[in-house]
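K.L.:
Generate the whole structure from the sequences, applying the supplied hints.
Those protein sequences? They're chains A and B, same order as listed.
First residue of the first sequence: 1, per my numbering; consecutive thereafter.
First residue of the second sequence: 100, per my numbering; consecutive thereafter.
Derived by calculation from the structure, the hints in this document are not laboratory data.
One should not assume that every hint holds.
Stated by the list, open to error - Derived coverage of chain B by chain A (criterion: at least 3 residues anywhere in the stretch with Cβ under 8 Å from a Cβ of chain A; other residues may be distant):
(1) 288-302
(2) 424-431
(3) 500-507
Claimed, not checked - Derived SDA-like pairs: lysine to any residue, alpha-carbon spacing no greater than 20 Å straight-line:
(4) B:K508 x A:D32
(5) A:K29 x B:D510
(6) B:K380 x B:G489
Note that the Cβ used here is the ideal one computed from N, Cα and C, for glycine as well.
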Amino acid sequence: MTIGADQVRHIARLAEIAVADDELPVLAKQLDRIVGYVAQLDRLPADEDAAPFNAGPESLRLRADQVNPWPMIGGPMAMAPESADGFFLVPRRGTGAEA
Amino acid sequence: MTSVARIAERVRNGGETAGAVASRTAAALEDSTGLNATLHWSRELLHRRAGEITERVSAGEQLPLAGVPVALKDNIVSTDEPTTCASRMLVDYVSPYEATAVTRLREAGALLAGKANLDEFAMGSSTEHSAFGRVRHPLDPERVPGGSSGGSAALVAAGVVPAALGSETGGSVRQPASFCGVVGVKPTYGRVSRYGLVAFGSSLDCISSFGRTVDDAARVLAVISGPDPFDSTTVDRPPIAPPEPPRDLRGITIGLPREYFPDDLDPGVRAGTDRTIAALKELGAELRQVSLPHTALAVPTYYIIAPAEAAANLARYDGVRYGQRRIGPNGDIRALYQATRGEGFGAEVRRRILVGTYVLSAGYAAQYYAKAQRARALIAADFAAVFAGGVDLLFTPTTPTPAFRAGEKTDDPVAMYLADIFVSPASLAGLPAMSLPIGRSDGLPIGGQLIAPMFHDEQMLAAAAVLERAVPAVEEVR
Chain A
1 MTIGADQVRH
11 IARLAEIAVA
21 DDELPVLAKQ
31 LDRIVGYVAQ
41 LDRLPADEDA
51 APFNAGPESL
61 RLRADQVNPW
71 PMIGGPMAMA
81 PESADGFFLV
91 PRRGTGAEA
Chain B
100 MTSVARIAER
110 VRNGGETAGA
120 VASRTAAALE
130 DSTGLNATLH
140 WSRELLHRRA
150 GEITERVSAG
160 EQLPLAGVPV
170 ALKDNIVSTD
180 EPTTCASRML
190 VDYVSPYEAT
200 AVTRLREAGA
210 LLAGKANLDE
220 FAMGSSTEHS
230 AFGRVRHPLD
240 PERVPGGSSG
250 GSAALVAAGV
260 VPAALGSETG
270 GSVRQPASFC
280 GVVGVKPTYG
290 RVSRYGLVAF
300 GSSLDCISSF
310 GRTVDDAARV
320 LAVISGPDPF
330 DSTTVDRPPI
340 APPEPPRDLR
350 GITIGLPREY
360 FPDDLDPGVR
370 AGTDRTIAAL
380 KELGAELRQV
390 SLPHTALAVP
400 TYYIIAPAEA
410 AANLARYDGV
420 RYGQRRIGPN
430 GDIRALYQAT
440 RGEGFGAEVR
450 RRILVGTYVL
460 SAGYAAQYYA
470 KAQRARALIA
480 ADFAAVFAGG
490 VDLLFTPTTP
500 TPAFRAGEKT
510 DDPVAMYLAD
520 IFVSPASLAG
530 LPAMSLPIGR
540 SDGLPIGGQL
550 IAPMFHDEQM
560 LAAAAVLERA
570 VPAVEEVR
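P.N.:
Here it is as structure tokens:
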């Protein structure tokens with residue numbers, strides 16, 4: 001298995017991470033090394049199995065379906081990088097015009 | 100450094116004020132600047148917090164951690180200072196809510212001392228991957244303190260604070276505890292709330308504690324553990340009680356898994372573990388050679404599962420929900436996401452998100468992720484079988500070598516990952532595990548690891564406290 005520059009570009013697009021063209025060869029080499037290393041799980045015999053492992057309590061507890069005050073130091077607008085009239089401002093999707 | 104119990108007792112009975120502790124801690128934090136172990140602290144905040152503790156002590160509150168300085172790894176959210184995860188992505192981010200562990204520390208009277216440096220988003224084994232510079236090992240500035248909770252470990256080792264919180268996903272507290280010569284305890288998954296711990300690998304993440312001694316680390320765990328309505332993965336069990344160590348280890352069977360003692364184990368580490376095994380025998384423990392046959396699969400399994408979970412968890416840093424927003428070249432929303440994430444994440448975080456995205460992508464998920472889940476089940480089953488066979492605890496080295504030099508492993512991510520070879524299996528199995536100092540080799544600390552069955556945190560801590568009395572933590576082993 002070899003990961004090449006095109007594959008890194010494809011993964012980076014799926015992950016929504018900008019990667020400059022000149023970074024592609026180094027990233028491809030590093031990802032190839034990592035993926036090549038973890039691929040040793042291929043040696044796991046198909047007939048070796050154990051009960052699936054689940055982290056945490058076997059049955060997750062449910063909490064009452066009610067609205068409670070949330071211990072926050074400010075409202076959601078206080079966290080927004082930009083807001084106006086009670087709305088979060090983000091760039092317009094599509095044509096390139098900014099919000 | 101005074102113990103956690105002694106500081107709390109003195110502050111409660113008026114032998115020392117929380118304000119005096121705050122002044123001492125501020126001076127120590129200032130002196131430790133060269134370690135680069137702290138990302139945020141302020142004299143003013145320390146004294147404000149100390150004032151609140153003093154008022155409560157005066158009102159007669161019996162605070163279990165009265166005035167005890169505790170540093171927080173900077174991926175645990177607190178409300179009156181930034182939480183950056185050592186990332187450019189979260190520079191100046193202040194959380195609107197507080198982690199349950201932090202609330203519980205405050206309620207117990209602890210003096211929150213500051214935010215400790217870490218590998219960005221807790222991804223790393225050396226604390227070299229911080230956007231704010233690497234943390235130095237307190238005994239040798241050319242070496243790393245381990246990671247990802249390297250700032251917390253270094254602060255405790257340097258005597259700046261008696262205890263600190265770190266977080267574990269695959270050994271990020273035990274490994275730096277071993278490198279720095281302090282105690283690091285990872286509880287059973289689900290015994291400490293993850294609410295307010297910035298998510299990395301949700302099926303693995305555990306807030307964990309550091310102390311100079313077993314008792315110090317355990318007293319912090321006692322306060323922060325227990326069920327939490329804000330985290331549905333916490334288990335419905337009482338908080339972890341501080342240990343009451345017996346006189347010896349008679350009646351305890353300790354397993355020595357052969358996979359953790361390979362031929363190429365560092366000679367100093369081997370000498371340290373040999374001496375500790377002799378001490379265990381001397382203390383009356385029954386020793387038994389055991390095998391955990393799937394141990395070698397742990398690191399590759401971890402480096403599929405953790406990046407896969409990280410790729411999902413870190414999707415929220417997109418410049419809209421979280422993160423320093425960057426406007427991309429086209430000005431549209433996807434360009435914004437990509438620019439924000441491309442510029443905001445450091446090299447290791449970016450690598451792990453890409454690996455996680457790859458192993459989950461169409462055509463590859465069965466080959467990698469499904470296989471890793473199966474390997475994880477086999478690793479957990481190995482432990483379960485050994486414990487069902489009458490073994491109470493496992494003893495192993497915590498790391499294959501003492502602290503390595505800065506830069507030694509940064510060019511090869513896999514070499515760095517292998518520093519966690521002895522700590523990642525217990526994380527994958529959700530088991531309680533801890534590291535305690537068992538001596539030094541050429542002046543560098545060596546750690547011994549105890550691993551216990553699920554929910555046997557108290558028994559593990561009690562045995563560790565017995566062992567701690569018998570093994571000289573700072574003596575050369577060869």
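K.L.:
If a hint holds in the structure, say so; if it doesn't, say that too.
P.N.:
Structure-based check of all given hints:
| no. | hint | verdict |
| --- | --- | --- |
| 1 | 288-302 | holds (count 3) |
| 2 | 424-431 | holds (count 6) |
| 3 | 500-507 | violated (count 0) |
| 4 | B:K508 x A:D32 | 17 Å, holds |
| 5 | A:K29 x B:D510 | 11 Å, holds |
| 6 | B:K380 x B:G489 | 17 Å, holds |
Violation of the numbered hints given earlier is confined to hint 3; every other hint is satisfied by the structure.
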